[in-house]
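Engineer: For reference, the chains in residue letters:
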Amino acid sequence: MREEGIRSILVNSNPATIMTDEEVADAVYIEPLTVEVLERIIARERPDAMLPTLGGQTGLNLAMDLDEAGILEKYNVRLLGSNIRTIRLAEDRQLFRDLLTEIGEPTPASEIVETWGQALAALDVVGLPAVIRPAYTLGGTGGGIAHTHEDYERFIKSGLAASPISQVLVEQSLLGWKELEYEVMRDSNDTCIVICNMENLDPMGVHTGDSIVVAPSQTLSDREYHMLRNSALKIIRALGIEGGCNVQFALAPRPDVVPWAGSDSAARLPYHVIEVNPRVSRSSALASKATGYPIARVAAKIAIGRTLHEIQNSVTEKTTAAFEPALDYVVVKIPRWPFDKFGTGDRRLGTQMKATGEVMAIDRTFEGALQKAIRSLEVGGRSLLWQKPEWTSEPPLDATDERIWAVLAAIRGGMALAEISRRSGIDPWFVERLARIVEMERVLLHDELTPALLYQAKRLGFGDREIATLADWLPERVRSQREEWGIRPVYKMVDTCAAEFDAVTPYFYSTYEEENEAPPSGRERMLVIGSGPIRIGQGIEFDYCSVRAARALQEAGVQAILANSNPETVSTDFDTSDRLYFEPLDEESIRDLLANEAGDGEAPPTIVQFGGQTAVNMAPRLASAALPIAGSSAEAIDIAEDRGRFGEILTSLDIPQPPGSAVSKIEDALSTATAIGYPVLVRPSYVLGGRAMEVVQDAEELGRFFAFALAENTGAVLIDKYLLGAEVEVDAICDGVEVLIPGIMEHIERAGVHSGDSMAVYPPQYLTPEQRDAIVDYTTRMALAMDVRGLMNVQFVIAPAAQPDGPGVFVIEVNPRSSRTVPFLSKVTGVPMVQIAVNIMLGRSLADQGFPGGLWPEQPLVAVKAPVFSMSKLVDVDTFLGPEMKSTGEVMGVDHTFEPAVRKAMIASGLEVRPGTPFLLSISDQTKDEALPIIRTLHEAGCRLYATPGTARLIRALGIPAETIPKRLNEGHPNVVDVIRDGLVKAVINTLEGGRADVRRDGFHIRRTATEARIPCFTSIDTARAAVASLATPGSYAVRPLSEYRDPSTIAPANR
Amino acid sequence: MSLLRTTERPRALLVLADGRAFEGVGVGAAGHANGEVVFNTSMSGYQEALTDPSYRGQILTATFPLQGNYGIDDISDESREVQVRGFVVREMTDLPSHWRSRSTLHQYLADRGIPAIAEVDTRALTRHLRSRGVVMGTITRDETTDEALARLHGEPDYAAVDYVATVSTNAPYEFRDPRVILDLPEDGSPPPRIVVVDLGVKRNIMRLLRQRGAAVTAVPHTSTAADILALRPDGVLISPGPGDPMLLDHVVEMAGGLIGRTPVMGICLGHQVIGRVFGADCYKLKFGHRGANHPVRDELTGRVYITAQNHGFAVDGDHLASDVIASQVHLNDGTVEGLQHRREPVFTIQYHSEASPGPNDTEFLFDRFMSSVRSGDAVRHAR
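Sequence order for the protein chains is A and B. Using my numbering, the first residue of the first sequence is number 1, and each one after it goes up by one. Using my numbering, the first residue of the second sequence is number 1, and each one after it goes up by one.
There may be inaccurate statements among the hints.
Unchecked claim - Just the calculated beta-carbon pair ranges, DEER-fashion: (1) B:Asp142 x A:Glu555: 38 to 44 Å; (2) A:Gly343 x B:Arg132: 40 to 46 Å; (3) B:Asp142 x A:Trp485: 51 to 57 Å; (4) A:Ala238 x B:Asp367: 16 to 22 Å; (5) A:Arg88 x B:Ser322: 51 to 57 Å; (6) A:Gly486 x B:Asp142: 47 to 53 Å; (7) B:Asp142 x A:Arg488: 26 to 32 Å.
Just so you know, these hints were derived from the structure itself, not from any lab. Just so it is clear, CB atoms sit at the ideal spot from N, CA and C, and this is done for glycine as well.
Take these sequences, add in the hints, and give me the full structure.
Structural biologist: Okay, here's the thing in structure tokens:
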């Protein structure tokens, strides 16, 4: 937009993304995405037009709501990209089907239903198995494939609940058909191009976001490719989209032997159109990275009226955007699922997306791309060699996150390839490719490694580690042998044109071939390691940091090299850095690319601080390979992670931490716990995102946890006294002399809820000056003692009762790297934290940069960061807040005072409660006292109360009416599940005691049902208090650009 | 049988006339392949490309690394034989998967005596060709680079050979295709007759004409205008084909005798020949246009189409007769992509609207041609 000289205003509630950085647009509003907020922004900014198609489904839904509310018309705002008619055509199942029928494109037999009665009738038409797709939802939320009548009823009901217009499509199942996607672009001149086609390795039945995807398609003949291409172009023209669009197809794998159903006019075509997204989607991001074609940029330019042939191809700088990318490599995308954290989750994949993120890899062979993608997943070092011990001759081949491994296990076990293909529905081409990998495994197991064999294995994508395992060598020996034999990867360019033209994109992937296209630049440069796939505990925040780091390097005149494996990020936009390596973020790939950068000289320094734990984990490996690290040394990182060494430092600094120690035997664990007293917080050492962390109440639970930790082979277990108190965290920047603390964040939930799942407030609302000073003092002295260079995050618990003679501030954890709060804190304080840290690494002190040490002045605003969960899709996962992190994103509410800020955070995270909202309460004994004021407030706000028996007694004791609802499901109706499902209650407060598993099970149904019904469910009394507080003070909130909150003097008087 | 057959295949070399050599393994037939080495960036359509007569005399390089994935079928041959001299790929799949597949790519080439080489760094080769221009080369399994180079220097250069003579039909024939049943006009009149001048025609051109209700007769390149007019055509299509248009004076003369007598459409080499009729010269492009993603703008409508292309020569637009306009241009390099006569029913395209392989965006041009044929029809019958 800016390139075109247009003033742009950006609205988003997510503080973690680079998109809400103030330099991205002319005005940035970090405000909830609601009709009310948007109207106020529109009234203030008076934009000529609105572009909703780059913000995914949320943007489209908001555009439709604004249109319905008459706001677009009232303020004369034009919609760019897709008009309302187009959005409706693509989103409303019936309209869309009618349109397809009109233009002769085949769609599967289907019925649109809005009630259970209609659904029963539809079943007669469609039959089982049937696909249930709710209208207007993200990632197919609420839908599924029903094989039985019970499934059918369940999916219909959850689908109707999930759809904002209570409409679902019941559709003939095309289970087992090939699934393909086309990314299409159209301009006002009616020029249409296909950017990329993609083939799902998983056949129809698995959501494309949960499928392994290959680009370009591998098993389609030219005739089939163009048959579907023609259809995609016809559809984008019929919809009249100006911009990007994604069309999904099902293609009959054997039209010669299996008759296929279809509407009459198109009955002879062996495919069906499944879905169209009239916007830039997750698939577009993948297609962009897979081809090098900047879809979002071009779509934005088309939206403002440019035509494809007027837009320069920024890859070649010679040709235009009007062409179709030609790939000369294979791209494989694999979803990243959260089942490593949600062990109890249902791992089956269906039409509802369960993945939190994805990785992509590029190579010149399918096998190479697949194996690199597997290495990129960072799932506990699980290479393709991994298989479950219980998988014997017939591993389960149904769709789960583990299927690709199961297929390999089946091949190893000798199952016929045709049988594997038949059972899984995976095209024989892919199965045979996997069989080639297994064949190479056998050769590596039995034959002596020769240069030819090693080269062949590398060309098939085998990592040094896997080769070492198979050849019974140490990985380092494979590496040195490779060096001795001169077997090293070359780097080839992603250039959109298969080398037909000279290109300028510095976007590279590794492969084992002859010619290297990425010689070292010879200029001063540094490598920034990105953060890999988005997963719980490591979200988009780290991408923000990586991108800012690259910019900071460039501003300092140093070339920024980026390595990452995640196609959904800005860091993998080829214009973010001076050179992008799209590679797995493991030791082998990082060392290989550093060797490439070194050429005949020194490898450039590597920055490991910004890519989350993924990048920090690389520090010891780089150090032992004598590769330079910029910023805090591997030594400083080790101190923070080694419980013993860290304890010694704290002791020597006289800084308190909760008592505890690291143990590896159950006897030691029990004696430690007894010594420090229950409850205790237990966790394996070296974990990310609080994985497998628990608050343990007694010896029996401790024993159970220990058995689990041993089974998972996590090494030592850390046992700490669990201190009940407020949790506080800070991010700090240290240059070795001074320590700058941009801000302190106070958690709304007490310690015990993972910091990533807590709501956090800046500036703190309850800290005493003494506590604040202690926090600054401890942080400063720790940073200096650990010799931190760059960023550091410290978490404290404030427990005055545990230290009557002092401030009561205890250190829980230190991480000498950027944390997930860095983007939030940077934005609310205005301190460019990443840039300062990078400059420190380049040798410029805080003083040189004009920043003092100590605590940065508090800003005249209050900002509340709230977590966002995607748990409604993860059946069988408990949703209570605990020490294990579960959230997958965040939103921010900012205002001049606390209450409206909290309110906005609640609105943005879907937890807003309004006066009169009926509540279901089930309060644990421990929190009953604290619940009393909440109950009163609810009552005063006119909320009808339903409660489980104990809680109902408590409420009635206050003289407030409450309806008793049986807690257990076998004690009559309506029970707790019924009142939620039937919509009698619209919010739930369900607190639980400690971490006891049996107690947890008790409320599980309540929480699960509430989550699936998409109503607010508070499991922490603290969150509930904050949400309910806004009922008591219903005042208004401000809507203005972030910069105006920070500096109220910039607000024009009229807007104050 | 090993799934990793590449390790068991003989080593092979692709040696270029400029001395650069690429290592790989031998696939397809044994023996030597000599030809001009060119590259095509299409990601699918190898069977159609290999049988496209325009590749006569050339060694084709596929820039997409995986070739042979969906095997070889009964319906994708664009002519009666494999036309390329040799095929260069990064990887040739031995395990194709497609319901139509009857054979593997390797077997198909081996059966037809066409040598190929796999496991080549085809991207490096493409970069070389792009910067240096296309060049003669040879595929060999039994020679050193120097030996192959010495032999290659004794072979005739691509530019010196009239390949059209080797691919054109020897005698006129009626095109029939069991998959296309000709819809006869309802009034019982005979269907319009299109004569296709076969300079190396692809079957799909004739198929698309037949689908549009035309009876199609293919004639040799040696036909004269009088020969063709004697067939009483309702329209003439001058086909694509291989080689240098400057070698085809006899076809230029024939085309000159047709224009003004009957509607004429020219595709690719046919376009270049007609360009010469209109006074233009043709010149050789550095590395040509070969792929399925070429953007062409229609200068008359402003519309942009994605086209399939396969040509090494282009029409120089500078000396065109004044009653002819360069109606279409290539968006990437501005070369002439189509000609339109201001008065006569004559138009040409440099690209392949018949696709196969490639996009079908411009298939409507056959409708345009047929409608000019039919309106001519109407005129003649009215007379």
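Engineer: Run every hint past the structure and note whether it holds.
Structural biologist: Hints and how they fare:
1. B:Asp142 x A:Glu555: 38 to 44 Å: violated (59 Å)
2. A:Gly343 x B:Arg132: 40 to 46 Å: violated (58 Å)
3. B:Asp142 x A:Trp485: 51 to 57 Å: Given range 51 to 57 Å: violated, Cβ gap about 27 Å.
4. A:Ala238 x B:Asp367: 16 to 22 Å: holds (20 Å)
5. A:Arg88 x B:Ser322: 51 to 57 Å: With a Cβ separation near 52 Å, arginine 88 of chain A and serine 322 of chain B satisfy 51 to 57 Å, so the hint holds.
6. A:Gly486 x B:Asp142: 47 to 53 Å: violated (27 Å)
7. B:Asp142 x A:Arg488: 26 to 32 Å: At 31 Å between Cβs, range holds.
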